[in-house]
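S.K.: If you read the sequences in order, they're chains S and W.
Residues 3 to 218 in this note's numbering are what the first sequence spells out, letter by letter.
Residues 3 to 394 in this note's numbering are what the second sequence spells out, letter by letter.
Since the hints were made in silico from the structure, they are not lab data.
Keep in mind that a hint or two might mislead.
Here are some of the chain S residues that sit facing chain W, going by a computed Cβ distance under 8 Å [said to hold, decoys possible]:
hint: 1; residue: Gln62
hint: 2; residue: Val65
hint: 3; residue: Asn66
hint: 4; residue: Val69
hint: 5; residue: Ala70
hint: 6; residue: Lys71
hint: 7; residue: Gly72
hint: 8; residue: Ser74
hint: 9; residue: Val75
hint: 10; residue: Ile76
hint: 11; residue: Gln77
hint: 12; residue: Ala86
hint: 13; residue: Tyr87
hint: 14; residue: Pro88
So these bits of chain W aren't anywhere near chain S, every CB distance computed over 12 Å [what the hints assert, rightly or not]:
hint: 15; residue: Glu21
hint: 16; residue: Arg146
hint: 17; residue: Pro264
Glycine included, C-beta positions come from ideal geometry on N, C-alpha and C.
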Amino acid sequence: MNDMTPHRPARDAARVDLVLVADMVEKGARVLDVGCGDGQLLRLLAEERGVDGRGIELSQRGVNDCVAKGLSVIQGDADADLAAYPDDAFDYVILSQTLQATHRPKVVLENMLRIGRKAIVSFPNFGHWRIRAQIAFKGRMPVTENLAWSWYDTPNIHFCTIRDFVALAGEADARIERAVALEAGGKPIGFSAPWAFWNLFGEQAVFLLSRSKGGH
Amino acid sequence: MTSLAAPAVAFSSAPEADEPHSLVMRFGADRPLRMDAGVALAPFQIAYQTYGTLNADKSNVVLVCHALTGDQHVANVHPVTGKEGWWDVMIGPGKPIDTDRFFVICSNVIGGCMGSTGPASTNPATGRPYGLDLPVVTIRDMVRAQAMLLDALGIDTLFCVLGGSMGGMQVLQWAASYPERVFSAIPIATASRHSSQNIAFAEVGRQAVMADPDWRGGRYYEAGVRPEKGLGVARMAAHITYLSDAALHEKFGRRLQNRAAPTFSFDADFQIESYLRHQGRSFVQRFDANSYLYLTRAMDYFDLAADYGGRLADAFKGSRSRFCLISFTSDWLFPTAETRAVVHALNAGGASVSFVEIETDKGHDAFLLDVPELFATVRSFLKSAAHKRGLA
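Just chain S, with the same shape it has in the complex (with noise of 0.2 Å):
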């Protein structure tokens, strides 16, 4: 019934990441969104950009709710499913604060250049201050607001810090176009300010990727 019922435009209840990913969107692009959870950021897409959006989530329960949502998703994940998609499908292929859930990071940011003229990715930066004074201080694995899971259970198993992937897009042949680091409280970081500064204070960060010349 979501679909039909009067709502609130998506922006506002939506999560300060997926609206700084929604603003990297060209209007009427095709967009394909891996790990697209309940539709939430397509849904934004849709409205906002008026994108062709498609989605994979792993969920039963995410797929029907965007089912409902009259969003085209498919049941699947990350690892194995972008290999079946053909080259240059979608003008974006969005990853959003799921790269550290995949089994093979490389490979699938690899596929997402592949089918997509760009790639925006977002993720939880591992190199924040706090996680770091975590291990530093406590010497446990840390556990956060944003990741709230124990290491023994967490589906999070790839993490890694904005220099980390700074360092991931490089090997992938990807060009950085934008990029942006989002403080705690999620304002994003002045864009002058160096990676350390960023890999310090940044809470998450939002890339925008393009394939380099000769890449593919």
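Using the hints provided, position chain W relative to the given structure of chain S.
M.R.: Just chain W, lined up with the frame of chain S:
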């Protein structure tokens, strides 16, 4: 054996074949069915049922495609068995396929035995049942016949076409053959081709029928007999493939049937044996053995990719239909991997596709059963599709 006199009444082995308790559309010599076997079949007929009301611009039509042993009696009391329709849980007022909103059509497939032209139907050229003289039928023939039925009813586009198993094959064929006539499609527990294992099981069933002396080369109708034993065994074997090991274990385990100890005989000591024998016996009361041969063959021959140069994606190229595919975790006859292959092909073709794998231990038969996640998925997909279609 040698009597050629045409009986005045329908053969008792398939009482519904010529004059079914159903609506019937008859096609004369001017409108033959052009079959893949290279034959123009005429005259022929299609038996069908409808539910709900066709709206003014004919935009609310839902076509249901039935599976191997199903028929057009999808949501009404069956004229032969007296049981409720095979998808009564899915179709009706307020149900996922809401007959207060949609006009539902279900037709018996060509090759069937419930009133559409099949091997038990009278061959007008001889006055006797076709038997094996009917050309071999394909899934595409079934869909062609359905398209002709819609033409005859003045219906251009389908709001939705859906079905499970062999019905799902027809749905995929509809989407490939008539993309402009399909607004949305729900293929359930199906595949774009019969696998080697599927063909193997089908062949076991056919050989069981043919091994029955009462089959008589398919000419059992005139002799007033039926290959009940052979068809019963075919059904028993097939029925196992419709269930999961877990479901069988839970329902029957190794429990004995009305006895305290094994009898040291070949009686149906185990509950599962008794259950299967019952399934076989009741099936032969309502189904024609030759139809079973024809329809399993149609599924064997189905290979959608082969019709498009081996590339399944090309079958759906440029499709503007909206798809929702559904599979079940415990279905080993049409496993999720087969559905996923179709999903990938649709994605590669740029189609709008959703896919849900439903967790259940009910096996292939899950699509016919009371599975809330199935109903929820169909309901929500149809709701959003109706919204997109502008249906109130």
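S.K.: Next, verify each hint and record whether it holds.
M.R.: Hints versus structure:
no.: 1; hint: Gln62; result: 6 Å, holds
no.: 2; hint: Val65; result: 5 Å, holds
no.: 3; hint: Asn66; result: 6 Å, holds
no.: 4; hint: Val69; result: 5 Å, holds
no.: 5; hint: Ala70; result: 4 Å, holds
no.: 6; hint: Lys71; result: 7 Å, holds
no.: 7; hint: Gly72; result: 3 Å, holds
no.: 8; hint: Ser74; result: 5 Å, holds
no.: 9; hint: Val75; result: 5 Å, holds
no.: 10; hint: Ile76; result: 4 Å, holds
no.: 11; hint: Gln77; result: 5 Å, holds
no.: 12; hint: Ala86; result: 4 Å, holds
no.: 13; hint: Tyr87; result: 6 Å, holds
no.: 14; hint: Pro88; result: 5 Å, holds
no.: 15; hint: Glu21; result: 43 Å, holds
no.: 16; hint: Arg146; result: 29 Å, holds
no.: 17; hint: Pro264; result: 42 Å, holds
The structure is consistent with each of the numbered hints, conforming to all of them.
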